[in-house]
Amino acid sequence: MAERRNKFEIICDILALIQRQGKIKPTHILYKGNLSYDRMKSYITELESKGMIQEIKEKDKSFYIITEKGARLVEEAKKIKELREAFGL
Amino acid sequence: MILDFRGPAWFFGTDIAIQVLGLVISLIIAYYGYKLYKITSKKLDLYFSIAFFLLGLEFIIYILVIPAVFIYYNYFPTLQPGILLTIARSLNFIYMFAISLAYIFLILVYSGIEKKNVIALISSLILALTLYSYITRSYFGFNLTSTLLTGFIVFHTYRNYLAKKTKNAFLVLLTFVLLTFSHFILAYAFYTNIQLAFLPGHISQFLGFASLLIMLIRVKYGRKKK
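Going down the list, the protein sequences come from chains A and B.
Under numbering that gives the first Met the number 0, the very last position in the first sequence is 88; numbers go up by exactly one each time.
Under numbering that gives the first Met the number 0, the very last position in the second sequence is 225; numbers go up by exactly one each time.
Some clues are possibly wrong.
As the list claims (entries may be wrong) - Below are the DSSO-like pairs computed for lysine-lysine, each with C-alpha atoms no more than 30 angstroms apart in a straight line:
#	chain 1	residue 1	chain 2	residue 2
1	A	Lys78	B	Lys37
2	A	Lys40	A	Lys60
3	A	Lys80	B	Lys219
4	B	Lys42	A	Lys68
5	A	Lys56	A	Lys31
Claimed, not checked - Here are the computed distance ranges between Cβ atoms for each label pair:
#	chain 1	residue 1	chain 2	residue 2	range
6	B	Lys219	A	Gly21	27 to 33 angstroms
7	B	Ile216	A	Ser35	46 to 52 angstroms
8	A	Glu47	B	Thr135	41 to 47 angstroms
9	A	Leu29	B	Pro66	55 to 61 angstroms
If you are wondering where the hints come from, they were derived from the structure by calculation, not from laboratory data.
Even glycine gets a Cβ: it sits at the ideal position worked out from N, Cα and C.
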């Protein structure tokens, strides 16, 4: 059975997904990120408040894009992930 | 005083270099730990960062205060030390407390303890123990306590290594094994008062941080995990 992702891994997965797509609808984050609606909503709110993603409106539809800060995090996430694994955090 | 930790006179300088290495590595890990905390907002990630920041603080005190006190005692013994001695003594206490608290924070992380009242209790006990070691100048007791604390961390890093089986996990385990050995040897050196016994203590500490450095280089340049 696959191990459950922790918060750090979920956040990195969401950011990497948005970065790959360029811009993405919340519903796409939901199923491509393999999350429930409530969890997706809380992660999105948190990432937005931390300035890692930004909501944009196009033809009354809502999309999310990654910010510079979020993109920097994706770059550093691999290192942080390896460090976490090394220490067993 | 921390001066008692230094070992034979010909080793002076090398011990400072070892502390500089430890300082750089500790601050890099504290930085990554803080980044992790900013992402996850998890208290345990913050404690991890604080632990390495405290280790960094310990190294800063050693690097800055030791040479200052050493110069005073050797070159200006007739001058009234005034407030300098009080500052040095206070920093000496902070040095000991920072080490103990750093290990405690790492133990909290590995034990998953987040409750503030438990943390306050453990920190108070460590403060009392450090005060006792400081007042009675029992550096043997201080190092023996540190041996036990790092031994506990070794247990957790060993379990992590068994679960992950990666080189990086092994390097972290090796670091804490060497730090435990270092504290044990320093305790022995204080107990027997054999100056030469301080050397393996310092060398073991150096090898421990060198092991962390290798791990950081592997992380930075993205070497394969196995």
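Hints, verified against the model:
1. Lys78/A x Lys37/B: holds, 15 angstroms
2. Lys40/A x Lys60/A: holds, 16 angstroms
3. Lys80/A x Lys219/B: holds, 11 angstroms
4. Lys42/B x Lys68/A: holds, 22 angstroms
5. Lys56/A x Lys31/A: Given pair lysine 56/A, lysine 31/A holds - Cα atoms ~21 angstroms apart, limit 30 angstroms.
6. Lys219/B x Gly21/A: 27 to 33 angstroms: With Cβ atoms ~29 angstroms apart, the hint holds.
7. Ile216/B x Ser35/A: 46 to 52 angstroms: Roughly 40 angstroms apart at Cβ, these two residues miss the hinted range, so it is violated.
8. Glu47/A x Thr135/B: 41 to 47 angstroms: Violated, since glutamate 47/A and threonine 135/B (Cβ atoms, about 55 angstroms apart) do not stay within the stated range.
9. Leu29/A x Pro66/B: 55 to 61 angstroms: holds, 59 angstroms
In this structure, the hints that do not hold are numbers 7 and 8, in rising order.
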